[in-house]
Amino acid sequence: MSEKKKMRATIPEEEYMFPGTVDCQGCGAAYAMRLALKALGPKTMVVIPACCWSIIAGPFPTSALKMPIYHTAFETAAAVASGVKAGLSIREKEATVLAWAGDGGTFDIGVQSLSAAAERNEDFIYVCYDNEAYMNTGIQRSSATPWGAWTTTTPRKHPKDRPKKNMMEIMAAHRIPYAASATVGHPEDFVRKLKKAREIRGTRFFHVLATCPTGWRSPPELMLEVPRLAVETCVFPLYEIDNGVYSISKKPKEKLPVTEYLKVQGRFRHLTDQQIQYIQEHVDETWELLLKKEKLGRLF
Amino acid sequence: MIHAFSGNAAVAYAMKQINPDVVAVYPITPQTVAMERFADFVADGDVDTELIMADSEHSAMSCCIGASLAGGRVMTSTASAGLALMWEVLFVAASNRCPIIMNVMNRALSAPINIHCDHSDAMGARDSSWIQIHAENVQEAYDNIIQAVRIAEHENVRLPVMTNMDGFTLSHATERMETLEDQQVQKFISEFKAIYPLLDVDNPVTYGPLDLYDYYFEHKRQQVEAMELAYDVIKKVGQEYGKMTGRSFDMLHPFEMEDAEVAVVVLGSTSGTARVAVRAMRQKGIKVGLVKLRVFRPFPKDELREMLKGMKAVAVMDRSDSFGAFGGPVFSEVRSALLGEDVEVVNYIYGLGGRDIRQDQIEQVITDMSTVAKTGKVKSFVTYLGVR
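Chain order of the listed sequences is A and B. Heads up: the first sequence is residues 1228 to 1527, going by this note's numbering. Heads up: the second sequence is residues 25 to 412, going by this note's numbering.
A couple of the hints might just be wrong.
Label pairs and their calculated CB-CB ranges [stated by the list, open to error]:
#	chain 1	residue 1	chain 2	residue 2	range
1	A	K1522	B	N227	46 to 56 Å
2	B	D238	A	L1517	25 to 35 Å
3	A	K1482	B	I139	38 to 48 Å
4	A	T1364	B	Q383	51 to 61 Å
5	A	R1402	B	N227	35 to 45 Å
6	A	R1318	B	S272	52 to 62 Å
7	B	F347	A	G1365	52 to 62 Å
8	B	D72	A	R1444	49 to 59 Å
9	A	T1364	B	N227	31 to 41 Å
Computed, partial: chain B to chain A, Cβ under 8 Å [said to hold, decoys possible]:
#	residue
10	D70
11	V71
12	A78
13	S80
14	G95
15	A108
16	L109
17	V229
18	G232
19	D235
20	M268
21	G270
22	D366
23	D384
24	Q388
Some chain A residues close to chain B (C-beta under 7 Å, calculated; not the full set) [as the list claims (entries may be wrong)]:
#	residue
25	M1272
26	P1295
27	I1296
28	Y1297
29	A1300
30	A1306
31	V1307
32	L1315
33	A1322
34	Q1339
35	K1482
36	P1484
37	T1486
38	G1493
Derived from the structure by calculation, the hints contain no laboratory data. Ideal Cβ placement from N, Cα and C applies to all residues, glycine included.
Could you build all of it, start to finish, from the sequences and the hints given here?
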């Protein structure tokens, strides 16, 4: 008899997150953490600023994670992570410091301390789980909210009229050793990138699209499907910037029209054909630019 | 050793001798010189400190909190707007029971912009659960920082300590002062003991989680208790420091209070000027004493009442105002501590934005007190001293 071939799982089986967390049904943010901890392993400490995860991690005296956690002020994830790492270094302790913030804590209120930490090339992994609005406070627009989207502060009569801030480019401009985009719909890709990042020293940044059924007005069961459509339509390309070299992780065989992504989410329900056309053009331009960057080789 | 040190130089020197694990700072006048000097100590390898040059005071304090929770001995320094910007995270540091030591060179708050001394910055942080110690001179500023390490890290306390000194008046004034030997400092502060550090990944702990109406109040109550326990620790550390140096410290430092009938209460560098004024007025036959309030948090209410009861009149000098309140912050608390005692307590607000306070002005305050004592009548409970 031939030896049975064992199937090799690319996602570690160990669990570092307890079941029964209080996230919404189909929460991408909760799944993203579960994957991240699987990838990074037990010698990890987590810094969480105000965000949905302040709730998901559980109120005192409970904890959803098997790791040390520090819940910090909204704008301080990167600053606190710098301090934690400095404290570890002086005590000669080896552990991965993971700063875990939402888009509000990253794109808006935390961008100053994040920029400063990146400029100092602080040795931590920073994950922004991006659900494209202030979901924890009730779906208010952030600078990560895409053009045309409904939120409670960009009502349907006047949806968001500015494009999403390009955080990956902002981080790349700091010439940090590693930046990557990922989604909860592509777990293998996310885990692979995290494992790679774990071995790199310096500031490593992740931009993770994390489905928010509550805020996106999308069916919870489409938690994996919606971000996959974001990648297949090139609304949210998967790529890495590794020491100044851009490489696209997933090029759709056949680029789907943006409507495929937009139509499964109630937050885009009000858009006219003309507005959808505008989004399509913007997505096409951004995608073309990314393809060009990939061809250029080392950019910094 | 005897040195001629400015306040800034003394701070940097004390920090060098303490050799903290992590220092995170941001430049602000008048404390920048201390940080420049300390950066030299780091660059020269005189200390083992990880120095983080943060992007703001808010981030500097956040770095300090992270490093403290990770398990390190942590220090920083700031002033004025820097302290104001930290306001949010001051509470976080104290509530997470981080024994951080922060030097504050007291400076006025904007607007308009003013870089000189008053106590608006420290008083703005009075409710943040930080222990607050105020220095009269450069020597005390140095001594307070060394003692602060012991106070903050005491297992009954575990609260951050703010050591204050008057901006420019002390930070930029060169005085003769004595320092301890490095080994003496290290022996006095002893090795830092981290309690439940984050870095212990095998025994994971959570700091600062969501804490609602079912636990939050108890956590706040524990801070109150830590502050109460700090009284004893501050006194004992002050005595022990005195045995080593000949300079003992207490919550309050009285001068000529034994037979005094009227008193002046003051904190910071003005204590020195007030002492000269008290001496001069005693020559003129007024039985006046001085109480230097060294520790503002925890507020030494019992000792203060013990010291001031039986006075005929007490003048409290405030170097900041509490707009819309009945007098300045120090006045409110002193008067409140003396509730039920038959003593008139009046307030003098002085020196905002670094306006000089002169001996003759304090002598006038003492004359006023003497009049109140004789007549039993107070013309004005809140007086602005030296304002046009």
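Tested hints:
For the hinted restraint 46 to 56 Å between K1522/A and N227/B, the CB-CB distance of approximately 50 Å keeps it satisfied. For D238/B paired with L1517/A, a C-beta distance near 49 Å fails the hint of 25 to 35 Å. Distance hint check for K1482/A and I139/B: the Cβ-Cβ separation is about 59 Å, which falls outside the suggested range of 38 to 48 Å. For the pair T1364/A and Q383/B, the beta carbons lie near 56 Å from each other, so the given range of 51 to 61 Å is met.
Taking the beta carbon of each, R1402/A and N227/B are about 37 Å apart, inside 35 to 45 Å as hinted. Judged by the Cβ atoms, the range 52 to 62 Å given for R1318/A and S272/B is violated: they are separated by roughly 35 Å. The supplied range of 52 to 62 Å is broken by F347/B and G1365/A, whose beta-carbon atoms lie about 35 Å from each other. The hinted range of 49 to 59 Å is satisfied by D72/B and R1444/A, whose Cβ atoms lie roughly 54 Å apart.
Between T1364/A and N227/B the beta carbons are some 34 Å apart, a value that agrees with the proposed interval 31 to 41 Å. A cut of 8 Å between beta carbons decides the hint on D70/B: the least distance to chain A is about 15 Å, and the hint is violated. The interface hint given for V71/B is broken, as the beta carbon of that residue sits about 11 Å from the closest beta carbon of chain A, more than 8 Å. Annotation: interface hint on A78/B holds; nearest CB of chain A at approximately 6 Å, less than 8 Å.
Taking 8 Å as the C-beta contact cut-off toward chain A, the hint placing S80/B at the interface holds, the least distance being around 7 Å. Taken as an interface hint, G95/B checks out: its beta carbon lies about 6 Å from the nearest beta carbon of chain A, inside 8 Å. Of the supplied interface hints, the one on A108/B is violated, with its beta-carbon coming no nearer than about 15 Å to a beta-carbon of chain A, more than 8 Å. Using the Cβ-Cβ criterion of 8 Å, the hint placing L109/B at the interface with chain A is not satisfied: the shortest such distance is roughly 11 Å.
A cut of 8 Å between beta carbons decides the hint on V229/B: the least distance to chain A is about 6 Å, and the hint holds. Given the 8 Å rule on beta carbons, the hint for G232/B holds: about 4 Å separates it from the nearest Cβ of chain A. Taken as an interface hint, D235/B checks out: its beta carbon lies about 4 Å from the nearest beta carbon of chain A, inside 8 Å. The beta carbon of M268/B is not positioned within 8 Å of any beta carbon in chain A (closest approach about 27 Å), and the interface hint is therefore violated.
Interface hint status for G270/B: violated, as the beta-carbon distance to the closest one in chain A is roughly 34 Å, over 8 Å. Here the hint on D366/B is broken, as its CB sits about 47 Å from the closest CB of chain A, past 8 Å. Checking D384/B against chain A by beta carbon gives a least distance of about 47 Å; that is not within 8 Å, so the hint is violated. Interface restraint check: Q388/B against chain A, minimum CB-CB distance 46 Å, threshold 8 Å, status violated.
Interface hint at M1272/A: satisfied, since its Cβ lies 5 Å from the closest Cβ of chain B, which is below the 7 Å cut-off. Against a cut-off of 7 Å between C-beta atoms, the interface hint on P1295/A holds, since the closest Cβ of chain B lies about 4 Å away. Below 7 Å, beta-carbon pairs count as interface contacts, and I1296/A has one with chain B at about 4 Å; its hint therefore holds. For Y1297/A, the interface hint holds, since its Cβ comes within 7 Å of a Cβ in chain B; the closest pair sits about 5 Å apart.
Of the supplied interface hints, the one on A1300/A holds, with its beta-carbon coming within about 6 Å of a beta-carbon of chain B, less than 7 Å. Interface restraint check: A1306/A against chain B, minimum CB-CB distance 4 Å, threshold 7 Å, status holds. For V1307/A, the interface hint holds, since its Cβ comes within 7 Å of a Cβ in chain B; the closest pair sits about 4 Å apart. Annotation: interface hint on L1315/A holds; nearest CB of chain B at approximately 5 Å, less than 7 Å.
Because the beta carbon of A1322/A sits about 5 Å from the nearest beta carbon in chain B, less than 7 Å, this interface hint is met. Annotation: Q1339/A was flagged as interfacial toward chain B, and the flag holds, the nearest CB pair being 6 Å apart, inside 7 Å. Interface restraint check for K1482/A: the shortest CB-CB distance to chain B comes to about 40 Å, outside 7 Å, so the restraint is violated. Residue-level restraint check for P1484/A is violated (minimum Cβ-Cβ distance to chain B is 42 Å; threshold 7 Å).
Restraint check, T1486/A versus chain B: the minimum CB separation of about 39 Å is more than 7 Å; hint violated. The interface hint given for G1493/A is violated, since its Cβ lies 29 Å from the closest Cβ of chain B, which is over the 7 Å cut-off.
Going down the numbered hints, you'll see the structure goes against 2, 3, 6, 7, 10, 11, 15, 16, 20, 21, 22, 23, 24, 35, 36, 37, 38, while the others check out.
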